[in-house]
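Trainee: When you line the sequence shown up against mature numbering (1 follows the signal peptide of the UniProt record, and there is no 0), it's residues -22 to -1, 1 to 563, in that order.
Hints were generated in silico from the structure; no laboratory data involved.
Do not take every clue at face value.
Okay, the calculated beta carbon distance ranges per label pair [as the list claims (entries may be wrong)]: (1) Arg81 - Val501: 38 to 44 Å; (2) Asn228 - Thr65: 29 to 35 Å; (3) Thr477 - Gln298: 57 to 63 Å; (4) Ala467 - Pro140: 56 to 62 Å; (5) Ile64 - Ser254: 47 to 53 Å; (6) Asp253 - Thr68: 50 to 56 Å.
On a predicted model such as this, the values are computed, not experimentally measured, just so you know.
Every residue, glycine too, gets a C-beta built ideally from N, C-alpha and C.
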Amino acid sequence: MLLNLPLSLLSSCFLWLAAVQADYHWPSLPYDAYEEFFVRRLSAGRVEFGTARYSVQVARRDKYHGRCGVGSTCSKVYHDVATHNITDGTGGLDGSIFFEIDRVENVGAGMNNTINDFSTYPSKYLTRADIIAIATVFAVATCSGPVIPFRGGRVDANIAGPYGVPNASDPIDSLTSNFAHQGFNTSEMIQLVACGHTLGGVRYPDFPDVVSGSGSTTIVDLFDETQQFDHNIVSQYLDGSTRDPLLVLNQTMASDLRVFSSDGNVTMQSMNSADSFAQACATVFDKMLNTVPSDVTLTDEITLVPFKVSAVQLTVGTSQLQFQASVRLEATQSTTVKMYWCDRYGSAANCSGNVQRFAASGGSQAVSSPVTTAMGITLEKYSFVVPVNASQSISKFWFVVDYGNGTTVTADNGGTDYVIDQDEVLWVPSMSTDKSVLDSSVGIFIAAAVKSSGSTPSRVYIDCFGRATSDFLPVNATYDLTLNTSIPAVAGYDFYTGTATASFGATMQFDLYAVDANGTSYVDEYRQSGLIGVALVAASSVNSTTSGTVPGGVSGAESVSLRNWSSRWGVGMLGVSLLWTLRYI
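Work out the full structure, taking the sequences as your base and the hints as a guide.
Mentor: This is how it looks when you write it as structure tokens:
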């Protein structure tokens, strides 16, 4: 069952899920980074963003009386977009709002609070502007609204943009002209205001000329009677029962009245149902989120990958290699998942003689976000940690999924398996430390394992990136690692260490490189500082088999997940079956 969405949107929502790019192939950065963020809730030392609990916390903090207190998120995205100039193609959703918060047009505690709410999430691939867009999608979905498509690739501005947010006292000609300058016609202007004002309200301290009060910082006048993403803002305006403070409290500041009536109520009447309101809001919000500078090209829509591999890492343990991986899929209570892999070296290299290693999952956990919750999708992430003999190593892996209902499938990355490119240089998070939180001058200590069997590498270094900084400016710096003879070699690997001393902010991502004497580079890519100092959990036992066939040529469990979604929504799989093939074993 698809939760809280009008029936007219069911088909489009299914297509949004099912239209996973046929050429998706793991790994695929930055797509993987966008998709992982989009379908999971994140926590940065506080309540997880995108949860009902977060919504209630914001509601209490900003003094709303309903459970869904994320109206300031919708305000923030428009205030960022308002810098757009349709004529010269500058401005738009570019994160410049972070440098504009002291302007009168951006007054309000809610605006400041959302700046803080989003400050720790930007990363190498996720810009501040992308985070604002995702937060808007999450906010609308959390409050029972439609699921708005998300595209990545926004580029952050590092300075403030021009002024552009209209004033509540502006006459309608000025309001219409202002929105047109941003690229929105009269009907879209009305839709943006109505859809943006279905949540939230006006605080007395920010607009004492609009909200009546006695100076209390707790007084908020809500736009309508509910704090859900619904069409009450429209219906109550049309039937005269509205409480919208920008309609009834001060005629000089009655901007909503001037906007809503600017086309003789034609647009408002067209939105006066749950279906039509949701459809109009989804369309105009989609346009707003994609209003970017003309020299920015956004990605295709980021769609949920039905069978998603992540957290893949080969590293050095206390006496041997350890390999970890996670896989996320739609599962049942009786679903079991096994991971198989081939050796890289030795008599069974690349599964020679059909020798395959395998292990059962070490556990699973539910994964969700406002998007998956709104779509009624339940995802489970299965995690694996296995010991690997360094003389054998690992070349590729795949998964076998048993759904417990007679269906067993193999997922193998579209027939090519999930390939481990190299084992020459490996990050060792358990030996790394991050003391920059306590003392920024100390920095982040990185330990890397480099194979000692060949010639001494000409260079080992890390390329570091931080975007979640206190001044909102990205930091990129490179540091050389040197051989650390105080750490004994393990499993044929020497250890190189170094310290990243720049102030990278709340999070840092880095790529680890080793260059051999011939100039060949090996890279352990897109590692996260959040995992520094984390030791791998106890490894699962490893088994070997020569039965079955080493996969190749077809894909697997992706089709099962899509078929489960289609049966839930009553949508046929004819088109989807052209994209995915299922191999029963």
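Trainee: Each hint needs a verdict: does it hold in this structure or not?
Mentor: Each hint, compared with the structure:
1. The hinted window of 38 to 44 Å between Arg81 and Val501 holds, with their beta carbons roughly 43 Å apart.
2. One distance hint, 29 to 35 Å for the beta-carbon pair Asn228 and Thr65, holds here, with the actual separation near 33 Å.
3. Checking the proposed 57 to 63 Å range against Thr477 and Gln298 shows it is violated: the Cβ atoms sit about 27 Å from each other.
4. At about 59 Å, the CB distance of Ala467 to Pro140 agrees with the hint of 56 to 62 Å.
5. Our hint of 47 to 53 Å for Ile64 and Ser254 is violated, since their Cβ atoms are close to 26 Å apart.
6. In this structure, Asp253 and Thr68 break the distance hint of 50 to 56 Å, their C-beta atoms being roughly 36 Å apart.
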